[in-house]
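Guided by the hints, dock chain B onto chain A, whose structure is given.
Chains A and B, in that order, are what the protein sequence lines are. Just so you know, this note's numbering puts the end of the first sequence at 424, numbered straight through with nothing missing. Just so you know, this note's numbering puts the end of the second sequence at 424, numbered straight through with nothing missing.
You may find that some hints are simply not true.
Computed spacing ranges between beta-carbons, pair by pair [unchecked claim]:
{"#": "1", "chain 1": "A", "residue 1": "T378", "chain 2": "B", "residue 2": "A218", "range": "34 to 42 Å"}
{"#": "2", "chain 1": "B", "residue 1": "G229", "chain 2": "A", "residue 2": "F295", "range": "40 to 48 Å"}
{"#": "3", "chain 1": "A", "residue 1": "E347", "chain 2": "B", "residue 2": "S334", "range": "22 to 30 Å"}
Quick look at which bits of chain A chain B covers, simulated, 3 or more residues with Cβ under 8 Å [said to hold, decoys possible]:
{"#": "4", "stretch": "220-227"}
{"#": "5", "stretch": "358-366"}
Calculated from the structure, these hints are not laboratory results. Virtual Cβ for every residue (Gly too), placed ideally from N, Cα, C.
Number of protein chains: 2
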Amino acid sequence: MQRIDDANRQAMDRILSADPVLVDVIPAAEAIPTLQDRMILHAGPPVDWERMCGPMRGAVAGIAVFEGWAADLQEAEAMAGAGAFDFQPNHHFDAVGPMTGMTTAGQWVMVVENRRFGNRAYCTINEGLGKVMRFGGNDAEVLDRLRWLRDSFGPAMGRALRSGDGVPLKSLVARGLSMGDEMHQRNVACTGLMLRALAPALAATADDTAGLSKALAFIGGNDQFFLNIAMTMGKAIMDPVRGIDGSSLVTAMSRNGTDFGIRVSGTGDTWFTAPVEMPEGLYFPGFTEADANPDMGDSTIVETIGLGGFAMGAAPAVAGFVGAGSASDAANFTRAMGEITYGDNPEWSIPGLDYLGVPTGIDIRLVVETGLAPTINTGIAHREPGIGQVGAGVVRAPMACFEAALQAFAASVGVA
Amino acid sequence: MQRIDDANRQAMDRILSADPVLVDVIPAAEAIPTLQDRMILHAGPPVDWERMCGPMRGAVAGIAVFEGWAADLQEAEAMAGAGAFDFQPNHHFDAVGPMTGMTTAGQWVMVVENRRFGNRAYCTINEGLGKVMRFGGNDAEVLDRLRWLRDSFGPAMGRALRSGDGVPLKSLVARGLSMGDEMHQRNVACTGLMLRALAPALAATADDTAGLSKALAFIGGNDQFFLNIAMTMGKAIMDPVRGIDGSSLVTAMSRNGTDFGIRVSGTGDTWFTAPVEMPEGLYFPGFTEADANPDMGDSTIVETIGLGGFAMGAAPAVAGFVGAGSASDAANFTRAMGEITYGDNPEWSIPGLDYLGVPTGIDIRLVVETGLAPTINTGIAHREPGIGQVGAGVVRAPMACFEAALQAFAASVGVA
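If we strip away everything but chain A, and leave its shape as in the complex, we get (with noise of 0.2 Å):
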């Protein structure tokens, strides 16, 4: 049909011609003023305390603590099942969060400018590995490093990226993909990318060395420092492809730990949900899939731009680490996933590949059509609140989002 292909094509040039730069580091407060005291944005399409898993309780009471809302973790549970909490999605105010995804008014954020459209997108500092809140974790050490992020990691950050221009984003994944990273489950090339763009900046308006030391440690110990740049980026790559008219391409693709939600640009902000699925992965030692939560986070949005899975053929180390076969059959996954997207990106190729860009543009009716759900590389959470993350493996994601999708837009476009 002539007017889908027109809103696809027209979606697509948006996506291609976005240009995304990390401009800041700003308190959640300010970057967001929608964003009131008790408020608690979390990953995936909405979700109440009720049906929320337990590494998003175990977060939701953690962070309630650390804005001071609650004297400790069980105050904090009693005040979320009493409703004193408003729980809204990230994607609702602009934002992402992985994991569990928390975002509250104390926290900071990281600023991702589209200077092709002038939209800004949001997103927490990654943490690091292992007991985080992303993960559910939420004791002492958990909470110390949210605070510490807060008062000196944050503020130098944003100090370093307003001393320049900030730091160009498509530029930066280009490279990070002849780098051996998907910017979903390996973003240790991208890391070090932006610390070398970071540190001089870093270094000229740093208040001390000591503490200037303990950043640049704290960056390059997290090979997944990237992570959360990169998701702020596909949200303010894919915000401006949101309702167009006709457009039967996917701009969000997002998880809660409960539901898995899809939303589409020709159906505007509607949510098309269904039960997420439980990845298949690799367990760190001691753990296995009896300790794991289902699929979980705002990350997906990686996928939604091409990246993540659907770039495993430009990292074959990441197969091996998510359990998804030897590095060789790493580039089917990209190919497979060529087959429900519109095009490729010819800016962000894959070198051992022969530069092929990567699969981009979820076409829903591609997706129904060959009975392909989007592979999403993602970490594993603990089933239980305050543990944190067990392991990393590849999800699909539900094929009913997609047909009830599909439904809708059929309607919106006037097909029975």
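Frame of chain A, contents of chain B only:
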């Protein structure tokens, strides 16, 4: 022959069990006490002023001015022609140097210690790209940068390294191979990994944040920063492999821009030389093959340990840069080098080739038998002094070196 097999097994064991660690940056005069005033160490086998190529003459003139031995380049050239300088190969002083490879008492050198065998190797700090002394540059900008490396950057890097236990290089290079580096013409990943390792200590031991910021920007602004570290590592790994009676493995390959030379374990420190070949490559805008100097530098030590052209399969992006065909052709170079090497290095593997180890331990018998000369990824210098880098390409080690070495080796093991 059992004796040769046993000797080669021992040589390979020494290569694979090496434990190279970047431990310090100190004045060359301190690192190499025999490095006297008016002595100039150069790349490759021995060469005198009369037979030196243009860029090496340019570098000699520049370094003489830098050291204060001559007032200007003209005086320096006249002095060189009159025999005022003692020219010696880096390799005779536990050192290596890229391209022209100038090492003199007043420069600072990086120190790599092979903790398995206790030996140390030395190399100057990489100056960056374009008009630099290693490519024959010698103007005020080039000399000013060398002074800054001596007066500020070198001492800062030394302080940082001495504040910790050094940076182990074996695991860092393993990681770099999974990130698209081959450690000769592509060092972007390892440069980032080294920055991550060094930045916290650079900050903690910094005199002032402005100098620190400049140092961090210098590392981050030079994708080839790690090359000289990889070379020092190569020298530290291969030196303990020298002089194993009956071993036919190559311990050094090196070029001075006039001659290519190799050393073989069983024949000790004898150089087997032949005229250097011209690289086939790609040229920077404004330059052509007519501008190119023949092959030059000690950097072929990285091919001697299985990296560079031997690890091309790890770096599909470099294949285009050096004009070695399509990205997917890169694997063929690595597989071909497997025909002339003793074995694979299981700790340095290539994810995209299903974790094939890099081909390691060049056996002169296999080179002559197969007619396959080692593949080298190299930078290309302008043939005139004072200009700098004009391109990058691939070159073969001259077969005549291996034929001459094989004759001497055969005699050493009592074969006619």
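**Study point:** In rising order, the numbers of the hints this structure does not comply with
**Key:** 1
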